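So the sequence lines, in the order shown, correspond to chains A and B.
The opening position of the first sequence corresponds to residue 0 in numbering that gives the first Met the number 0, with each subsequent residue numbered one higher.
The opening position of the second sequence corresponds to residue 0 in numbering that gives the first Met the number 0, with each subsequent residue numbered one higher.
These are computed hints drawn from the structure, not numbers from a lab.
From a predicted model like this one, the values you see are computed outputs, not experimental measurements.
Cβ coordinates follow ideal geometry from the N, Cα and C atoms, glycine included.
Heads up, a few of these hints could be off.
Pulled a few chain A residues facing chain B out of the computed Cβ check, cut under 8 Å [said to hold, decoys possible]:
| # | residue |
| --- | --- |
| 1 | P40 |
| 2 | L78 |
| 3 | D123 |
Each chain, written out:
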Amino acid sequence: MTDRPSILVPIRVLEGESIPEGVPELLANAHVVLLGYHVIPEQTAPGQARMQFEERANQRLDEYEAMLAEAGATTERRLVFTRDGGKTIDRTIREEDCLAVLVPNATGPPEDVLVAVRGAVGVDRLARVVAGLFGDTDASVTLYHVAGEGETDDDVRTLLDGVVARLTDLGTDASAIETRIEHDRGALDAIVDAADPFDAVVMGESDPSLATFVFGMPADKVAERFLGPVLVVQREPATGDDER
Amino acid sequence: MSDQRVGVGTSGRNVAGEAPAEEPDAVTDDATVHDDDVELERTIGLVGGLAIGIGTMIGAGIFVFPGLAAANAGPAAALSFAIGGVIALLVALPTSELATAMPRSGGGYYFISRGMGTAYGAIVGLGLWLGLVFASAFYLVGLGHYATAVLAEVGVALSFDPVVAIGLLFGAGLTALSIGGTENTAKLQNGVVGVLLVVLTGFLSYGVLDAVGVFGGGAVPETFFSRGHFPVLTTAALVFTSYLGFAQVATVAGEIKRPSRNLPLAMVGSVLVVAAFYVVTIFVATSAFGADRLGRFGETAMVEVAREFLGLPGAIAILGAGLLATFSSANASILSASRAVYALSRDALLPRRASEINLRYGTPHVALLAAGGPILVLVATGQVELLAEVASFLHLIMYGLICVVMIVLRRRDPTWYAPSYRVPGYPVVPGVGALASFGLIAFMQPASIGVGVAVMITSYLWYRYYAADVTLKGAVRQ
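Could you build all of it, start to finish, from the sequences and the hints given here?
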């Protein structure tokens, strides 16, 4: 059995967000970091919200934890009262060293998984997530790459073969892996269209460029348009990262 | 990441049978950690902290006091502001040390209740709440003066004096806005502070160049101590209200990121910035007109100063800035007062219900009303100087005790007391800070002292009645 990849599942616990159907099965082989968070307005002290809502939030998290554990996942959980959900999620990823974050959406039993491979960077973490979650299951994995300009089929095949090799190294059955190459399309649209028949999507976190800063992270947009769950594999944490 | 353990314990129950909420287990750079993995995220950075401090302070000293101060002390009013600034700095340093040792929300009240016990805590905590109520009322009356001047400028004639009515309107409006859950008020506050600093810097640069004679008249006509030396101190006592903002940073200490670095920088930095602006403003204002004429212009004297230098556009710019500044100070004080009510209710000194959160908006409506209600009553009095002095009095008591607590804790040196910032010049700095804070009270009007003492006595009696069994003092846990 491979190492359990640690996956962050953030839930806005007091606003009706919950663990959707199929997600516990999807994460059966994961170490789930269950993050319940509640965003409060500025007029309210975080401690004030805690006094009033802690009990209710913990009850919900108890339920979710039990669901995940029943499916086979190991779990760990946190409850955070915050003014800035994004900061809380980023901090938890860093502190718990999570490989990927799940954008939870309902799904069926995970049979077909689409894995969007962007490039050689981050392939190792991507492979660890995919092999860890689906290596021991019957799910089939489709590696998908949208070729950019000046990228030949041979280049792409080398890239994808490298990922296949890595996955089989990690114990995935080679017969469960397919590869697909797409040309001449915007990567985002291509992924969303291709994802339709699949049960879940695994993709890398994109670089924080100006476009993603303005328009939001592509992974979020994929999650918004693809109605199933999306696992966003996180970049390698920068070492010696001194914020502010 | 610094991970600081917390060693303060509370016990006891109040009349309603409520116990103080338990203390957190640890504080880190990013969160306050309670048992079984419940965390409170820290989300305010250094800029946000500075904006809270400067945004609360920058209003009164520049936009309400110059005329009043010049009438009392002459050109030496600039010295009065400098004295206020020095005292504020002497208190900001010990407050910084305590805040890095106890980066939890509640500010001065928290330090004093944990360092000296519940009775002192109750007096200071209830005093802080009411002190902020008096301060907000004062800012709102100032806002009323500015809005009235705007009406006069655009030629609207009213058959009555609208100052108090406008103050009431804005007071009610701000309270309703906070309860209704305005988004992004902090960002708005940062923007307002930025605009204010730009407008003021431009205006003051021009004024200083004019006053020293680069262009224009270049007259500093009067003798500096035109009213004698004593009024300098009474004026310092009056205008100290202008420096009440830095401690507001400590009231949100639990939400400041990297508290050991950002808390001292935000508090000391905001005092230095604001003090510099105040002293220069008074210098420019008194050299433009002379103290006598300035004094006759009253609360909106700065508008006339701007008109003198830059004509109508200058007057309009300062009117706008004055509205923004008094608005921002009043808003900040209402929010701080609500935080004070929460801190008291958390510690069972007020009913737990007082910190209840509105399910619809997620805002603490009871605490906000407990701030907004009394503010309206005080605004109705329209007494600028009395409101300002009572606010100063209640804060000065707290500031003096903060210095005392710091000395007490350093001497007792409990194991949990491990500040990452330590005041230089101990024990002289906190000692002088305490003496100066208490000493400044002696120069206030008897009426203000009377109201302040009455508030303190009432607070003590409330504590004896409601929460005599509650213990908040930091016990040394082994």
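**Report entry** Index of numbered hints that the structure contradicts, given in increasing order
**Finding:** 3
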